[in-house]
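*Asks:* As they're listed, the protein sequences go chains A and B.
Per the working numbering, residue 1 is the first one in the first sequence, and the count goes up by one each step.
Per the working numbering, residue 1001 is the first one in the second sequence, and the count goes up by one each step.
Hint data in this document are derived by calculation from the structure and do not stem from the laboratory.
It is possible that some hints are incorrect.
[As the list claims (entries may be wrong)] Listed below are the simulated DSSO-like cross-link pairs for lysine-lysine, each with C-alpha atoms no more than 30 Å apart in a straight line:
hint: 1; chain 1: B; residue 1: 1100; chain 2: A; residue 2: 454
hint: 2; chain 1: B; residue 1: 1106; chain 2: A; residue 2: 454
hint: 3; chain 1: B; residue 1: 1015; chain 2: A; residue 2: 425
[Unchecked claim] If you want the ones that stay clear, here's a sample from chain A, every Cβ over 10 Å from chain B, calculated:
hint: 4; residue: 42
hint: 5; residue: 47
hint: 6; residue: 198
hint: 7; residue: 230
hint: 8; residue: 328
hint: 9; residue: 384
hint: 10; residue: 403
hint: 11; residue: 434
hint: 12; residue: 451
Source: prediction; values computed, not measured.
We put the CB at the ideal spot given by N, CA and C, even for glycine.
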Amino acid sequence: MSTELEKIESLAKKEYKYGWTTDIESDSLPLGLNEDIIKALSAKKNEPEFMLSWRLKAFKRWQQMEEPNWAKVNYPKIDYQKISYYSAPKKKKKLKSLDEVDPELLRTYEKLGIPLAEQEKLAGVAVDAVFDSVSVATTFKDKLSELGIIFCSFSEAVQNHPDLVKKYLGSVVPATDNFFASLNSAVFSDGSFVYVPKGVRCPMELSTYFRINAADTGQFERTLIVAEEGSYVSYLEGCTAPMRDENQLHAAVVELVAHKDAEIKYSTVQNWYPGDSEGNGGIYNFVTKRGICKEENAKISWTQVETGSAITWKYPSVILKGDNSIGEFYSVAMTNNMQQADTGTKMIHLGKNTKSNIVSKGISAGKSNNSYRGLVKISKHAEHARNFSQCDSLLIGDKCGAHTFPYIDVHNTSAQIEHEATTSKIGEDQIFYLNQRGISTEDAVSMIVNGYCKEVFRELPMEFAVEAQNLLSLSLEGSVG
Amino acid sequence: MLEIKDLSASIEGNKILKGIDLKVNPGEIHAIMGPNGSGKSTLANVLAGREEYEITGGSILFEDNDLLELDPEDRAREGLFLAFQYPVEIPGVSNSYFLKTAYNEKRKYQGMEEIDAADFLMIMKEKMKLVEMDQALINRPVPMG
């Protein structure tokens, strides 16, 4: 009995596959945060006046805010004056093609399995690669620009499309939204910007790989996606980070704006360094992600596979403002060893006949804690709003925890709300059954877990779904495959 | 082929099998009969290698291998198959994927190449026709419906 359990637990332990540091000279600002640092950062990036004043406003607000403590996570107090708020690979000149990219950087991408050059041709994926904080290469831009689609780094958008940035920046997640969002607003260094014009269906999956590199550098990314009337875009975000002893803070903000009849699909595979089995190191992932279905028939769909980070604090949300708009959230959150995750979604129904769908699959192993926290809010004027939520938890071993905190707040009696929840353990019966068909315990656990997550994986774009399955198997296996 | 000698086994301290002897030769079919609680399932589970059972004495030889030394999956790969009275459910895993994985494990064990999903589907459809089984079962989860 207990040996079987130990076996499963040992399977759940594995060394982080993507642990190394790339040796590239970084150009960092001194540690600490004050108005001068923000001014220096803004000047370094040659930003227009409105950006600087926006940052300073956010910083003023942030100084008056308290770090939130309601999430079911524990971590030592972060000293925000001991963080460097900017780090960019030193560049000699502007990069025009991949050939000009630092070869060391390209090797890092290869280790990660992201051969940019190949991906360009083979997968048809345009990758806007963010290494530390500055975008080094953007591909497929020409093809996209023919359709009027803008896909570039945030810095470029600020330079080349200031009107769009000014119009939409902070329109979904205001600079004053919450502690980590305000911090991000004050100091964000780069990120991605997507604009899809009216009636255009983006012909390829847009993808960005984030990677934190320089030691002690907080990573503050900002992503803004705007889909005009009748347009469609699918965006993929995937991340890995090298092994580190210090905790690294990551406070990103993602804003999505879907206009009338527009659809945005946002998929994430997150595999940042989770810390060692004793809970040393690992990324603190405090992210604010929110989308708004601004007008009627808009649709926003979040899909996330979260296996990394020491702490995940993240609630991708949808504000269903337009009538008949749809919000979706599909999530797999896997925690192992000492990892902590407090994640879920908020569906805010404002418009009539709005619909939301939530499928959350938590997997806890080791001594980890995994919480689902979600809010479904039906406002007074949201006639005939509908929500379906399903929150499942799977436990591996007997030292981990799974928690569910669903908040439901209904102000309109015509609403229909359904909530289902299950908690299960990987059964010895299941493993024995698979063993008896010639399947090893390791493969059996992987098969059971992947089956459990199927509903979420099928929402992922094809290439990501395969990656996500591998990632889960990796996170579970004793040996690195 | 299968030789059980003086086999004793217990579960949670209860002695269930007390000195079983059985020899099965190739091609023979044996039915083990007995009232509830007489140890039929225990014998099957012990042969298949279920961990809860403690072997307290005796030996099992399967094609000259010491069966008790093998993990359950290796016993299966050697050709020992246990039909489950109450098969467990594995949500989200389709029958075809499950069967293909099991089939390939066996092929790998025998030093043969694994076959891909398309080829396996052909084999499976052919066999299903043979036993007049509904094709809709292919994509159902293991082993519902």
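*Asks:* Could you check that no beta carbon of chain B comes within 10 Å of the beta carbon of residue 47 of chain A?
*Replies:* Holds: least Cβ distance 48 Å, greater than 10 Å.
*Asks:* Over 10 Å to the closest beta carbon of chain B is the bar; see if residue 230 of chain A clears it.
*Replies:* 35 Å, holds
*Asks:* Verify that the Cβ of residue 328 of chain A lies farther than 10 Å from every Cβ atom of chain B, and report whether the claim holds or is violated.
*Replies:* 19 Å, holds
*Asks:* Please confirm whether residue 451 of chain A is truly not at the interface, meaning its C-beta sits more than 10 Å away from all C-beta atoms of chain B.
*Replies:* 3 Å, violated
*Asks:* Would you check whether the claim that residue 403 of chain A is not at the interface survives, using Cβ distances to chain B and the 10 Å cut-off?
*Replies:* 21 Å, holds
*Asks:* Checking one constraint from the list: CA of residue 1015 of chain B to CA of residue 425 of chain A, max 30 Å. Satisfied?
*Replies:* 29 Å, holds
*Asks:* Looking at residue 384 of chain A again, its CB stays over 10 Å from all of chain B?
*Replies:* About 32 Å separates residue 384 of chain A from the closest Cβ of chain B, which puts it past 10 Å; holds.
*Asks:* Just double-check residue 198 of chain A for me: nearest Cβ-Cβ distance to chain B has to come out over 10 Å.
*Replies:* Consistent with the label, residue 198 of chain A stays out of reach of chain B, its closest Cβ about 39 Å off (over 10 Å).
*Asks:* Take the C-alpha atoms of residue 1100 of chain B and residue 454 of chain A, compute the straight-line distance between them, and say whether it is at most 30 Å.
*Replies:* 18 Å, holds
*Asks:* Over 10 Å to the closest beta carbon of chain B is the bar; see if residue 42 of chain A clears it.
*Replies:* 49 Å, holds
*Asks:* Hint check: residue 1106 of chain B vs residue 454 of chain A, CA-CA at most 30 Å. Holds or violated?
*Replies:* 25 Å, holds
*Asks:* Holds or violated: is the Cβ of residue 434 of chain A farther than 10 Å from all Cβ atoms of chain B?
*Replies:* Per Cβ check, residue 434 of chain A is inside 10 Å of chain B; nearest 8 Å; violated.
Taken one by one, the earlier hints fail for this structure at numbers 11, 12, listed in ascending order.
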